[in-house]
Amino acid sequence: MRQSATVAALLIVGVALFAQGAGGTLTGIVTGPTGTPVADAPIQAKNRQSGAVARAATSADGQYRLAPIPAGAYDISITMPCCAYEPFVQQNVAIAAGQRRQLDVRLAEGGSFNTAGDDPGELAAALRKRQKVPSRPAPRLGGKPDFSGVWLANEDRYPEQPALLPWAAKALQERLGNNLKDAPHTQCLPQGIPTPASIGPFMAKMVQTPALLVVLFEDTGGFRQVFMDGRPHPQDPDPSWIGHSIGKWDGDMLVVDTIGYNDQSWIGVYPHSEMLHVTERIRRPDFGHLDIRVTFDDPGAFSTPWHQTLNWELLPAEDVVAYVCENNKAQHLVGR
Amino acid sequence: MRLRFAAAALAAFIYAAAPGYAHHSFAAEFDGDKPIKLAGTVTKVEWTQPHAWIYIDAMDESGRRVNWGWELGSPTSLVRLGWTRNLLKVGTSVTFEGSRARDGSNTANARSVTLNATGQKLLGASSQGPTP
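Respectively, the protein sequence lines represent chains A and B. So for the first sequence, our numbering puts the first residue at 723; every next one is plus one. So for the second sequence, our numbering puts the first residue at 41; every next one is plus one.
Check before you lean on any hint, since a few could be wrong.
Stated by the list, open to error - Okay, derived cross-link-like pairs now, DSS-like style, lysine-lysine, Cα gap no bigger than 30 Å in a straight line:
1) A:K892 with B:K77
2) B:K129 with B:K77
3) A:K970 with B:K129
4) A:K927 with A:K851
5) A:K1051 with A:K927
6) A:K768 with B:K161
7) A:K851 with B:K129
8) A:K1051 with B:K161
9) B:K161 with A:K851
10) A:K866 with A:K1051
11) B:K161 with B:K74
12) A:K1051 with B:K129
None of these hints come from the bench; they were simulated from the model.
Whole structure, please, built from the sequences with the hints as guidance.
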């Protein structure tokens, strides 16, 4: 008995040593421009050769640890919820087997200029503090998951970069060059796709019936309907800001198919054409979470389809409120 | 050409970071290189979407009274962070910090708001909370 325990212990030590030898550790602290620790910063290390990714979120005191990760060269990136901090990218960070490498990150200030009340990350943290989310399975309705509830529309924490056609790349460059001053939202027009497009301070309320899913969102535009009564898309829909959506169940996943967009809206900062076809695959893995995998397919703007992965959180203590864009002062927007 | 493409690709990578963004880019409106700090008295509160505005009367260098507008986040967001529309009443003595508008008008974004009576920072980095 004692002998087998010793053998087991040796085996465990052996495995640990092997793991240590085969991989390295990347660790550090993430701070803001003034040196304050940044909590819940999503850090990603992408292996330049294999494309494999290791991910972690910083703790309340800004610490992170990625381990063990195979020896190699990595691109390190952090993308905070827009726009309190600039995204961080450091390419070609070498990590040797058994090495413990320290990489501290100081995030630069983002385009929101630290304006009071305008940091979605700060808001999300404040909202999370006052929620009591039960740990239980997702509710069901007519044999299918029920998505009803008020959701914090978080952004993709590890955003993918679309492959833009030349005209779209040029449009993007222009937008970035003038600090996004022509974003539809600056004129109180709907912000993005899929609506609600993971927007800073806004929430989405889903109301589900067997044949219809209604999404109420606070931002301009206000609502979406996903028809689940078997109707097809219209033959030639008038292009609109929110398009025409139909939903079909694939097991416990709702597949929402949307066409009929105008070409005025932005997907975040990216342009698109009227050929845009959006597919949202929605799951509610448990009571408190909604996982949405979005595919953007637009041969008029992207050379290949691309994706967003959204992880929304239930906010049982909140509700959507009126938001009428009544006092815009866009005259101050000059760009640079 | 290659260089330009590389620059575009880099920009795209960086801003892939921003699938959503604030109501509008504050960077298009305010100049981060023009910081400003002003003490004054609240003259008006616009508790309106898409952004709350608070106006104060402050003295310029020549002792002349000038009215300044300060832009904050949306009331929706401010309320969820614990503010109310009555937090700063007309007549309250406050100090704002932020960045001046690019268009040269007497406006700025509000990075922080401090109550002059108590020195309490109401919002902004390392604020002590919204309760005055």
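Checked hints:
no.: 1; hint: A:K892 with B:K77; verdict: violated, 38 Å
no.: 2; hint: B:K129 with B:K77; verdict: holds, 20 Å
no.: 3; hint: A:K970 with B:K129; verdict: violated, 52 Å
no.: 4; hint: A:K927 with A:K851; verdict: holds, 19 Å
no.: 5; hint: A:K1051 with A:K927; verdict: holds, 28 Å
no.: 6; hint: A:K768 with B:K161; verdict: violated, 40 Å
no.: 7; hint: A:K851 with B:K129; verdict: holds, 28 Å
no.: 8; hint: A:K1051 with B:K161; verdict: holds, 26 Å
no.: 9; hint: B:K161 with A:K851; verdict: holds, 21 Å
no.: 10; hint: A:K866 with A:K1051; verdict: violated, 45 Å
no.: 11; hint: B:K161 with B:K74; verdict: holds, 21 Å
no.: 12; hint: A:K1051 with B:K129; verdict: holds, 22 Å
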